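Input sequences plus hints: build the corresponding full structure.
Number of protein chains: 2
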Amino acid sequence: MRGLMQDWPLLIHKVMDYAATEHPGRAVVSRSVEGPIVRSNYAEVRSRALRVAKRLTQDGIRLGDRVATLAWNTARHLETWYGITGLGAVYHTVNPRLFEDQIVYIISHAEDRLLFLDLTFVPLVEKLADRLPSIERYVVLTDGAHMPETKLRNAVAYEAWIDEVDEDFRWADFPETTAAGLCYTSGTTGEPKGVLYSHRSNVLHAMMTVMPDAFGLSTRDVVMPVVPLFHANSWSLAFAAPMAGAALVLPGPKLDGPSIYDILTTERVTFTAAVPTIWFALLQHLEKVGGGLPDLTRVAIGGSACPPAVIEAFERKYNVPVLHAWGMTEMSPVGSICSIKPEVQSEDYGALLGVKATQGYAPFGVEWKITDDAGRELPRDGKTFGRLKVRGTAVARRYFRREEEEILDQDGFFDTGDVATLDPHGYMRITDRSKDVIKSGGEWISSIDLENLAVGHPHVAEAAVIGIAHPKWDERPLLVVVAKPGMSPEKADVLEYLRPKIAKWWMPDDMVVVDEIPHTATGKILKTELRHRFRDYRLPTA
Amino acid sequence: MRGLMQDWPLLIHKVMDYAATEHPGRAVVSRSVEGPIVRSNYAEVRSRALRVAKRLTQDGIRLGDRVATLAWNTARHLETWYGITGLGAVYHTVNPRLFEDQIVYIISHAEDRLLFLDLTFVPLVEKLADRLPSIERYVVLTDGAHMPETKLRNAVAYEAWIDEVDEDFRWADFPETTAAGLCYTSGTTGEPKGVLYSHRSNVLHAMMTVMPDAFGLSTRDVVMPVVPLFHANSWSLAFAAPMAGAALVLPGPKLDGPSIYDILTTERVTFTAAVPTIWFALLQHLEKVGGGLPDLTRVAIGGSACPPAVIEAFERKYNVPVLHAWGMTEMSPVGSICSIKPEVQSEDYGALLGVKATQGYAPFGVEWKITDDAGRELPRDGKTFGRLKVRGTAVARRYFRREEEEILDQDGFFDTGDVATLDPHGYMRITDRSKDVIKSGGEWISSIDLENLAVGHPHVAEAAVIGIAHPKWDERPLLVVVAKPGMSPEKADVLEYLRPKIAKWWMPDDMVVVDEIPHTATGKILKTELRHRFRDYRLPTA
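Each protein sequence line maps, in turn, to chains Z and W.
Counted from 1, the first sequence has number 451 at position 452 by numbering that gives the first Met the number 0; the numbering is strictly sequential.
Counted from 1, the second sequence has number 243 at position 244 by numbering that gives the first Met the number 0; the numbering is strictly sequential.
Just so you know, not all the hints are guaranteed correct.
Given that identical chains are not distinguished, each listed pair holds provided it fits within a single copy or across any two copies.
Taking lysine to any residue and the SDA-like style, the derived pairs with C-alpha atoms no more than 20 Å apart in a straight line are [to be verified]:
1. K368 - G24
2. K368 - R169
3. K438 - W472
4. K53 - D142
5. K53 - D172
6. K126 - R96
7. K368 - V274
8. K500 - G353
9. K434 - S303
10. K382 - W505
In case anyone wonders, no lab produced these hints; they're calculated from the structure.
Only a predicted model underlies this, so the values are computations on that prediction, with no experimental measurement involved.
Set out below in structure tokens:
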């Protein structure tokens with residue numbers, strides 16, 4: 000028997016309709032790519048999004064078509080998302096930090112028909128345009144006055160383009176499971192894989208992130224997503240802020256410490272979110288200029304594990320609570336947020352910091368488990384670590400145009416590729432990537448834990464740990480280190496330093512000093528390359 | 000093109016699974032019907048709900064069957080809801096305050112197969128049992144020691160009944176649009192009408208109410224729904240609290256001022272919700288005993304309009320912010336919550352109180368409009384009032400077993416039966432019921448506004464205003480008053496008192512003094528009866 004409630008599909012344009020109706024004058028402030036601060040509001044964003052939808056329709060864009068964006072966080076970029084999804088097309092955010100070949104690959108794989116791009120990226124796109132045959136038109140997110148000379152196909156300035164139509168457009172009608180957004184993962188191995196979000200998943204995910212123990216957004220908030228719109232939906236903030244009636248501040252292309260501090264302060268931002276690198280830069284700048292953060296009521300940090308020192312600096316020095324978060328493109332992206340349950344609240348800041356350094360617990364809408372390689376669930380004791388697998392309302396079930404490929408286990412869980420512990424209070428701590436964990440005699444050793452400990456040695460600048468084949472134990476850890484300038488770390492000395500800190504069987508079987516450890520474009524250790532380099536290495540214990 | 004995200008249906012048991020997994024030890028405290036305070040938690044509630052589901056299955060209850068409850072707010076009542084919905088059956092909450100004939104009508108209309116009832120209601124149900132042929136078994140929510148002698152068909156004590164099974168039960172699998180709950184409206188005219196909630200509507204509605212500008216529930220909250228589970232889902236708190244990981248305090252049968260104050264204080268409740276009557280009683284008790292409300296961080300008041308004096312007492316005397324709310328059974332029930340947007344924030348408490356006395360604005364998931372009788376939308380100017388119509392994710396589209404009856408307009412809006420203004424900031428104020436508003440020469444006069452003003456006159460104890468037929472103006476207002484003891488209100492004097500406070504054309508054409516004004520069971524003025532009494536009344540102006 001069906002319930003007798005209204006059929007009110009969870010569509011993205013309902014979020015903007017809501018914001019424009021209930022919070023029409025709430026500010027949407029952008030640092031424009033042209034330079035100046037530009038002020039808008041939800042009523043205006045909606046009105047312009049309607050024009051985007053109408054104008055795209057005139058360009059022949061239809062339900063299900065992919066429209067790419069290569070742009071910073073600005074109101075114009077936001078408008079294109081709502082315009083694209085409002086007619087049932089799919090926004091495809093292209094990460095400009097990808098390698099050029101990857102950009103060409105994903106635009107071609109997605110068969111994007113139109114590309115919105117910022118002025119910043121015109122030179123890049125001009126260089127690649129010959130290899131982007133699917134793009135029928137380039138819309139440069141600027142006005143006529145700033146429009147550069149370009150030979151890009153059918154190039155037009157955004158403002159001139161939308162000026163050709165009015166806002167008399169009715170959002171299209173379609174089921175909530177309709178595709179809305181596309182974001183490719185930038186794996187270190189293999190081709191990028193596309194995650195195809197639906198209207199439903201984006202709306203539910205936003206509802207989840209608005210909640211008090213997630214980002215806790217309200218009409219009193221001024222929300223600045225430093226995390227880019229091209230980085231997994233900017234952690235949902237492009238949807239969550241208008242849903243909550245919160246003001247938005249979009250920092251445009253300037254993400255350095257001084258620029259972020261300037262806009263945080265002048266716009267009186269209360270909530271912001273970004274990866275740790277951004278916050279390192281901000282804290283360094285604050286050290287230099289001696290400023291404070293009086294308006295900020297909390298900061299979300301994710302994308303990679305946040306060092307406890309950064310959490311402590313925000314909380315103790317600047318009185319800004321940190322929400323450590325974890326997620327991935329396949330999770331829309333939020334998988335967990337570290338808010339403090341009463342049972343882990345503590346007067347002892349050291350103990351509290353221990354909790355805050357975990358990736359937090361699952362919000363409603365995310366289910367998870369840790370398993371061994373055979374898929375058997377492991378205990379939530381805070382010690383045992385296993386493959387972290389997730390299921391939920393905004394988790395991928397397939398990759399775009401690889402639909403034949405099963406990516407869920409028999410219970411519908413997606414393997415995150417992370418290795419983690421879950422403690423009895425539900426807090427999850429990432430201990431490794433599953434391809435990097437060292438499997439020694441059926442037990443797992445966390446390469447990340449060993450690396451974090453090793454860099455505590457006074458002579459070690461950077462450390463990487465990889466598994467090396469071993470005749471008896473399958474794999475044993477090899478510690479690879481870079482020396483601090485003028486220092487010469489000694490194997491015996493470093494291992495002795497580690498001894499009291501780790502289980503006996505975690506002790507690396509050997510240590511090697513190298514000049515440099517290879518990194519990915521985003522600064523992570525490139526373990527595939529390292530493993531390749533040491534593929535013939537023979538441990539002294541073997 | 001469909002998105003490629005997981006199919007994770009919004010099912011009620013996922014809320015309890017979530018609470019039992021992420022917040023297993025969070026307290027669920029009940030004042031039992033037997034007397035003592037009983038402590039449980041979400042892990043235990045889930046475990047017992049699984050046994051309820053398994054035991055119901057053994058009693059032959061199947062997907063779509065209706066199971067009634069006639070019970071106070073306790074953990075046992077909560078368990079029955081999750082047990083019933085977890086196998087795909089439908090909880091039907093019976094309001095014990097209905098007239099006996101109405102109780103018989105709704106149980107028969109719903110064809111409830113089993114009834115869970117509190118000890119309190121055994122005598123009532125014994126009296127009605129002969130007229131309840133659909134009920135195959137009565138389960139009394141108590142243990143063997145407290146089980147009374149009764150001839151109710153197949154009567155059994157709840158604890159003995161669930162003790163026959165273990166918790167080895169798998170929640171049933173069905174679409175999220177499946178019916179989950181049934182609640183009848185208690186209209187003053189006609190038979191009660193059943194609103195049939197779905198799993199989806201209840202879960203989405205709970206997500207909406209958890210948000211910061213709604214009830215704003217978190218793991219640090221101790222939530223006490225004084226509003227009964229049989230009163231429109233206790234405003235969603237039975238779902239919203241476990242979803243947020245908040246503790247629950249269930250006050251059982253004792254809803255008087257001293258009992259509520261006792262449990263509020265000893266259990267350190269941070270959030271509570273009820274109708275104004277409950278809060279009158281609490282405030283009166285506080286006046287008497289001189290206590291404070293140090294743990295309470297906000298109180299939600301709805302069900303009927305909350306007098307500004309009650310709001311002011313909570314806020315100024317006890318430092319507890321009030322969330323004025325409005326809704327109805329057909330809305331699951333929350334339609335609006337009066338949280339303060341920055342644009343109406345004020346240092347002037349009088350101005351702020353003016354906002355807080357409105358019913359608030361629509362949360363995400365509720366759309367509304369005001370229209371004239373012809374369905375034309377009216378301006379949101381804070382002055383024009385019209386029929387309030389709503390649309391949304393948890394709004395009824397039909398009544399149960401009256402599916403042939405269209406209750407939505409052509410745009411899918413449901414007419415609430417309320418007349419309201421919407422101001423430019425989005426705040427809604429109920430000015431009347433649409434059947435009570437006085438239609439004079441094409442303009443509407445609010446009977447409630449006139450009544451509220453008239454009771455300000457020193458000689459008037461109570462006032463009611465009804466429309467009387469008029470040859471020229473269609474209707475004109477008649478003011479009916481009850482005198483204060485020993486007073487004799489004079490027509491000329493009362494109308495003179497009103498004159499500076501109202502528009503000229505709002506002035507009642509006559510005033511009548513009566514001994515008593517008729518009321519409904521819940522204390523509202525029974526205008527149908529009053530109109531009937533004055534059906535032959537001729538205005539002096541006619």
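The hints, checked one at a time:
Taking identical chains as interchangeable, the C-alpha atoms of K368 and G24 lie at most 20 Å apart only when they sit on different chains, with a minimum of 19 Å there against 43 Å within one chain. Taking CA atoms no more than 20 Å apart as the test, K368 paired with R169 passes between copies only; the shortest distance there is 18 Å, against 43 Å inside one copy. With identical chains, the CA atoms of K438 and W472 are at most 20 Å apart within one copy only, with a shortest distance of 8 Å there and 89 Å across copies. Proximity of K53 to D142 under the C-alpha cut-off of 20 Å is restricted to the intra-copy arrangement: shortest distance 18 Å within a copy versus 66 Å between copies.
Only within a single protomer do K53 and D172 lie at most 20 Å apart by alpha-carbon distance; the minimum there is 14 Å, versus 41 Å between protomers. With identical chains, the CA atoms of K126 and R96 are at most 20 Å apart within one copy only, with a shortest distance of 15 Å there and 75 Å across copies. Neither within a single protomer nor between protomers do K368 and V274 lie at most 20 Å apart by alpha-carbon distance, with minima of 25 Å and 42 Å respectively. In this assembly of identical chains, the alpha carbons of K500 and G353 lie at most 20 Å apart only when taken from the same copy (16 Å versus 62 Å across copies).
Proximity of K434 and S303 under a CA criterion of 20 Å is satisfied intra-copy only: 17 Å inside one chain copy versus 60 Å between copies. In the homo-oligomer, the alpha carbons of K382 and W505 lie at most 20 Å apart inside one protomer (14 Å), although the nearest pairing across protomers, at 74 Å, exceeds that limit.
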